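Asks: As a plain string of letters, each chain reads:
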Amino acid sequence: QSALTQPASVSGSPGQSITISCTGTSSDVGTYDYVSWYQHHPGKAPKLLIYDVTNRPSGVSSRLSGSKSGNTASLTISGLQAEDEAHYYCSSYTSSGTVVFGGGTKLTVL
Amino acid sequence: QALLVESGGGVVQAGRSLRLSCAASGFTFRSYGMHWVRQGPGKGLEWVAVISYDGSKIYYADSVKGRFSISRDNSQNTLHLQMNSLRAEDTALYYCARGVTPGIYSGYDTWGQGTLVTVSS
Chain A
1 QSALTQPASV SGSPGQSITI SCTGTSSDVG TYDYVSWYQH HPGKAPKLLI YDVTNRPSGV
61 SSRLSGSKSG NTASLTISGL QAEDEAHYYC SSYTSSGTVV FGGGTKLTVL
Chain B
111 QALLVESGGG VVQAGRSLRL SCAASGFTFR SYGMHWVRQG PGKGLEWVAV ISYDGSKIYY
171 ADSVKGRFSI SRDNSQNTLH LQMNSLRAED TALYYCARGV TPGIYSGYDT WGQGTLVTVS
231 S
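From first to last, the protein sequence lines are chains A and B. Take the first sequence: its letter number 75 is residue 75 in this note's numbering, and every next letter is one higher. Take the second sequence: its letter number 85 is residue 195 in this note's numbering, and every next letter is one higher.
Bound-form chain A, shown alone (with noise of 0.2 Å):
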């Protein structure tokens, strides 16, 4: 059960778009649509932002959308904004049916 590889840390100024990738492999991302992503601020609970791939919970904003291709899927925020500023997770099924989280990923609005 390693851990989906996420990058530490991404940054980018208000009104731009990033990327945050996560790779797993083909006994999780590769094979199953069930990849969710998250947001995280010390002391909250985590926000579900992302279901199976590309799904938005009501109430999350249009400008964050999934996607994913072989092993890695990816998390896209366009739109920068300064409350975006937090951790970013992925998590994905496996084949053993359990579930693996991401590293994380700190996103730093500038």
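Hints should not be assumed to be uniformly reliable.
[Said to hold, decoys possible] Pairs of lysine-lysine residues, derived as DSS-like cross-links and limited to a Cα-Cα distance of at most 25 Å, are as follows:
1. B:K167 <-> A:K44
2. A:K68 <-> A:K47
3. B:K153 <-> A:K44
For the record, the hints were derived by calculation from the structure and aren't laboratory data. Being a predicted model, the structure only gives us computed values, none of them experimental.
Based on the hints, put chain B in the right spot on chain A.
Replies: Just chain B, lined up with the frame of chain A:
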């Protein structure tokens, strides 16, 4: 509105046991798979365990398999995590979470506020 409230955390010596609970309200608890997720100090999120809506499917992370046991009481709308043989590396904030869909495969749209477990060596 769906709500999850964890309890049962605390400070415990290594090798001892602790039982966490998660009280659910505002939704049909018996219809959803439920998960435990933890975050150690200075670390990222780590998935711990899942139980299907009826308890027929249960899976654990390798790091807790054989030591932790997840269960649910649908009559009481409560989720439990029995943690035995605790280790220092189990120190974390433990969240219970509900799947965004009734299955056990998709992400979690409802989280509790977390309960802190500290294992002293």
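Asks: Could you run down the list of hints and mark each one as holding or not?
Replies: A quick look at each hint next to the structure:
1. B:K167 <-> A:K44: Distance of about 29 Å is beyond 25 Å: violated.
2. A:K68 <-> A:K47: holds (20 Å)
3. B:K153 <-> A:K44: Distance ~15 Å between B:K153 and A:K44 Cα, so the pair holds.
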